[in-house]
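Number of protein chains: 2
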Amino acid sequence: MNVVEKKPADRLQDNLAQVQRLIERHRLVEGLVHRQDMPRHDLVESIVHKQNLAELQHKLDALHPADIAYILEALPPEDRLLVWDLVKAERDGEILLEVSDAVRETLIESMDQQELVAAAEQLDADELADLAPDLPRQVVYEVMGSLDAEEREQLQSALSYRDDQVGALMDFELVKIRADVSCEVVLRYLRRFDELPEPTDKVFVIDEAGVLKGVLPLRKLLVSDPEALVEDVMATEVVAFHPDEDAEDAALAFERYDLVTAPVVDADGRLIGRLTVDEMVDVIREESESDMLNMAGLKEEEDLFAPVLDSVKNRWAWLAVNLVTAFVASRVIGAFEGSIERIVALAALMPIVAGIGGNSGNQTTTMIVRALAMGQMQASQALRLWRKELGVGLINGLVWGSALGVLAWALYGSLPLGVVMTTAMTLNLMLAATIGVFIPMTMARLGRDPAVGSSVMITACTDSGGFFIFLGLATLFLM
Amino acid sequence: MNVVEKKPADRLQDNLAQVQRLIERHRLVEGLVHRQDMPRHDLVESIVHKQNLAELQHKLDALHPADIAYILEALPPEDRLLVWDLVKAERDGEILLEVSDAVRETLIESMDQQELVAAAEQLDADELADLAPDLPRQVVYEVMGSLDAEEREQLQSALSYRDDQVGALMDFELVKIRADVSCEVVLRYLRRFDELPEPTDKVFVIDEAGVLKGVLPLRKLLVSDPEALVEDVMATEVVAFHPDEDAEDAALAFERYDLVTAPVVDADGRLIGRLTVDEMVDVIREESESDMLNMAGLKEEEDLFAPVLDSVKNRWAWLAVNLVTAFVASRVIGAFEGSIERIVALAALMPIVAGIGGNSGNQTTTMIVRALAMGQMQASQALRLWRKELGVGLINGLVWGSALGVLAWALYGSLPLGVVMTTAMTLNLMLAATIGVFIPMTMARLGRDPAVGSSVMITACTDSGGFFIFLGLATLFLM
Numbered sequence: 001m002n003v004v005e006k007k008p009a010d011r012l013q014d015n016l017a018q019v020q021r022l023i024e025r026h027r028l029v030e031g032l033v034h035r036q037d038m039p040r041h042d043l044v045e046s047i048v049h050k051q052n053l054a055e056l057q058h059k060l061d062a063l064h065p066a067d068i069a070y071i072l073e074a075l076p077p078e079d080r081l082l083v084w085d086l087v088k089a090e091r092d093g094e095i096l097l098e099v100s101d102a103v104r105e106t107l108i109e110s111m112d113q114q115e116l117v118a119a120a121e122q123l124d125a126d127e128l129a130d131l132a133p134d135l136p137r138q139v140v141y142e143v144m145g146s147l148d149a150e151e152r153e154q155l156q157s158a159l160s161y162r163d164d165q166v167g168a169l170m171d172f173e174l175v176k177i178r179a180d181v182s183c184e185v186v187l188r189y190l191r192r193f194d195e196l197p198e199p200t201d202k203v204f205v206i207d208e209a210g211v212l213k214g215v216l217p218l219r220k221l222l223v224s225d226p227e228a229l230v231e232d233v234m235a236t237e238v239v240a241f242h243p244d245e246d247a248e249d250a251a252l253a254f255e256r257y258d259l260v261t262a263p264v265v266d267a268d269g270r271l272i273g274r275l276t277v278d279e280m281v282d283v284i285r286e287e288s289e290s291d292m293l294n295m296a297g298l299k300e301e302e303d304l305f306a307p308v309l310d311s312v313k314n315r316w317a318w319l320a321v322n323l324v325t326a327f328v329a330s331r332v333i334g335a336f337e338g339s340i341e342r343i344v345a346l347a348a349l350m351p352i353v354a355g356i357g358g359n360s361g362n363q364t365t366t367m368i369v370r371a372l373a374m375g376q377m378q379a380s381q382a383l384r385l386w387r388k389e390l391g392v393g394l395i396n397g398l399v400w401g402s403a404l405g406v407l408a409w410a411l412y413g414s415l416p417l418g419v420v421m422t423t424a425m426t427l428n429l430m431l432a433a434t435i436g437v438f439i440p441m442t443m444a445r446l447g448r449d450p451a452v453g454s455s456v457m458i459t460a461c462t463d464s465g466g467f468f469i470f471l472g473l474a475t476l477f478l479m
Numbered sequence: 001m002n003v004v005e006k007k008p009a010d011r012l013q014d015n016l017a018q019v020q021r022l023i024e025r026h027r028l029v030e031g032l033v034h035r036q037d038m039p040r041h042d043l044v045e046s047i048v049h050k051q052n053l054a055e056l057q058h059k060l061d062a063l064h065p066a067d068i069a070y071i072l073e074a075l076p077p078e079d080r081l082l083v084w085d086l087v088k089a090e091r092d093g094e095i096l097l098e099v100s101d102a103v104r105e106t107l108i109e110s111m112d113q114q115e116l117v118a119a120a121e122q123l124d125a126d127e128l129a130d131l132a133p134d135l136p137r138q139v140v141y142e143v144m145g146s147l148d149a150e151e152r153e154q155l156q157s158a159l160s161y162r163d164d165q166v167g168a169l170m171d172f173e174l175v176k177i178r179a180d181v182s183c184e185v186v187l188r189y190l191r192r193f194d195e196l197p198e199p200t201d202k203v204f205v206i207d208e209a210g211v212l213k214g215v216l217p218l219r220k221l222l223v224s225d226p227e228a229l230v231e232d233v234m235a236t237e238v239v240a241f242h243p244d245e246d247a248e249d250a251a252l253a254f255e256r257y258d259l260v261t262a263p264v265v266d267a268d269g270r271l272i273g274r275l276t277v278d279e280m281v282d283v284i285r286e287e288s289e290s291d292m293l294n295m296a297g298l299k300e301e302e303d304l305f306a307p308v309l310d311s312v313k314n315r316w317a318w319l320a321v322n323l324v325t326a327f328v329a330s331r332v333i334g335a336f337e338g339s340i341e342r343i344v345a346l347a348a349l350m351p352i353v354a355g356i357g358g359n360s361g362n363q364t365t366t367m368i369v370r371a372l373a374m375g376q377m378q379a380s381q382a383l384r385l386w387r388k389e390l391g392v393g394l395i396n397g398l399v400w401g402s403a404l405g406v407l408a409w410a411l412y413g414s415l416p417l418g419v420v421m422t423t424a425m426t427l428n429l430m431l432a433a434t435i436g437v438f439i440p441m442t443m444a445r446l447g448r449d450p451a452v453g454s455s456v457m458i459t460a461c462t463d464s465g466g467f468f469i470f471l472g473l474a475t476l477f478l479m
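From first to last, the protein sequence lines are chains A and B.
The first sequence maps to residues 1 to 479 in the UniProt record's numbering.
The second sequence maps to residues 1 to 479 in the UniProt record's numbering.
Everything labelled a hint here was simulated from the structure, so no lab data went into it.
Owing to the predicted nature of the structure, the values given are computational and were not obtained by experimental measurement.
Every residue, glycine too, gets a C-beta built ideally from N, C-alpha and C.
Derived CB-CB ranges, DEER-like:
no., chain 1, residue 1, chain 2, residue 2, range
1, A, P76, B, V324, 37 to 47 angstroms
2, B, E115, A, R152, 52 to 62 angstroms
3, B, A267, A, E208, 48 to 58 angstroms
4, A, L187, B, E237, 26 to 36 angstroms
5, B, E341, A, R162, 56 to 66 angstroms
6, A, P136, B, D61, 55 to 65 angstroms
7, B, E115, A, S380, 29 to 39 angstroms
8, B, E341, A, A320, 28 to 38 angstroms
9, B, L383, A, E109, 18 to 28 angstroms
10, A, V308, B, A317, 35 to 45 angstroms
11, B, E341, A, P76, 48 to 58 angstroms
12, B, Q122, A, P136, 54 to 64 angstroms
13, B, D164, A, A320, 36 to 46 angstroms
Result set (DSS-like, lysine-lysine): computed pairs, CA atoms no more than 25 angstroms apart in a straight line:
no., chain 1, residue 1, chain 2, residue 2
14, A, K59, A, K88
15, A, K220, B, K220
16, B, K176, A, K220
17, B, K220, B, K176
18, A, K176, A, K220
19, B, K220, A, K176
Given these sequences and hints, build the entire structure.
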């Protein structure tokens, strides 16, 4: 056998393309069967029919669960369910863990209770805990009944934490050793395992009460003198987590200290689980995605091929907020209709003032949301940052505002109009800087996610504010 | 000694707070020295002065390089340089690797050539390659001269790839073994190392020509019979990368297959380096951040405390684009000034149509940018997706558009105005759906990053388009 040569990304696309080709062929045959109901063709077509599906199933069996998950996500609903039916039942559980929440829902909906129980029974307690919120209650109870006491306790423990807490993400595959044995003994002990949990970069050193004393990295164990005692080789400066800790903080620590696994301890320092880098990578990915989705006013990850009405629901909330803010902005304009009637040019120029303000405010907020997410910012720095952003707004306002002021003057032949334009731009950019700093900071201080809706709120302020400033100045100085 | 008990996130904040307190105290003393020039106080103050700095230095010496990097990023420039001067010279290199690009620049600017050479000489070839683009040319040459032939070759190899290629991210710390030896021999061989590279979850199996034959995970090695041959224990289905491969694809593969390290092979299958999960985590983080920054029209990561002018430059480009598009939208309105003069309500209502379109288009694009980044979408699906988004736009347009139409009718007492409002909203949301699908798809097909500027372009289309549709309909049917 030879080492795989294809680039993983290409291999993934190839797999998907092959599956799509097989599905297409299958649909074609199906279509033929439907249209021509000549009985003597039945046999032939049903053979071809079966051949295609058998080939597809064969293909799927050879794939890594993560690759099947990828294919399921990339397929439209009807093809997705066709593939899902062909996947071997004993792989259902691990694949359900890999797919996105939105796709997982559609898959679970397509399964009956018996299938779900069979799938869930394949999983470890911590994996089951990940899946449990999406499963029907009845299924969870049934599976719980089949667990042993230790597993049931682990499952209950995992379920008792929120999704964004370390306790919900830890697993229980712990290799524990004592400090007062030699490395030789540890090596012999490890050899007794059928396999070590994946990934294993260290084993955990505990005392008789189960309290974490240190960790022994395999890369140290392997180069140590077999006679050396664990306590002399182990690392005692350990980054350990508590189950109630924030998962995002844990992910940042993994990133910062380049961890592969890390122990989780309870309030008394007893080892109760471990975190692994693969879970933390998922946290990082999800967090940055949800920031991006939230800033755009999407409630959550959306199945690309979700039914139209599901998509409408996902986007409804923020569109409604946006509608209200747009209406408010519109009323601000309405208050100045008299001025617009006299100088209609105002109507053409006002969206520029509002638009640039929104863009600039969003730039500021994006930077701050990012800094807050990385833990690089504290509330005490808000003032300093505000001063800086005001400076940026002032310069941009004067430079671009003057350019537009000159344009307005040239277009409409009114110098005062140009001056109003420049002034309004500058003031609105400074308003944008202020709002752009304080909205996310305030959200963070209130313990809310600063990414959620920041963008909509900023645009609301810079729109209404921009119209008010520009039309107000015009009314004062040009009427 | 006891295991660390503090939560990592709290510990980080504590460290930062302590450093800030020491800096503050130091500045206070400095201020006193400046103001009161009483000579007899000199001595006392200079002692206090030195004490503060000594304490700060002591504190810094005890910190992990990543923690120092965190502190440097969170401090304003003058404090940052004070701390940087106190960091031990031999740690400069590793800390420079940890800080963000923007902060790295400010630190390198503050160092003279000799300091930079000393810092760079501490690093491995692959680390040096990361730093080289930011270093003065003269420094790179000098350091290159001090490398041995193998290291120089590695450095040159690493420098020959673009930042976003696997070749630029791989390291050269390879533990290689042969397939025809026993596990016992491997264990003895490993014991001869002073230490194994971090992280090590597997060793690489090669033949006499250096061609990768498989990998031996430590978790397998440790549970295997010592007599067993490597070739019987090793994994031969290996996810291997090529140096010219895209780093983001590699990161997705790490995420998908839960890898900790993976081999990099050349075109002939020879093992030339390895990728590690910590580098891949950085890729994931950077990629999702640059998507977020790009969608907001920020050129790159910005030092929070950068001088105002640097920030202005970073945001200049997209603001300018935005200004042009806003001006175009303004001219569209200008073309309908006659209509606005007759029905001034149009001026108040038109920003609603444009604004909702922009918001909705950005929701669509964000979803697609995300799906493209995850490799979940192909060009062939554009049509299908477009139909779906059109459906979403149509429903939202009819529902919200009708609500606003009724409002407009109630406010201005004109049923035809309400109908125009509803129709314009619906059409603009369908335009937004179209643009929102095709702009990122086209960018991706042209091989460009779909996140860059998508948002600005969509807003441009929905603004100009929204004004044109609304004012055009009004002119046709209401005049």
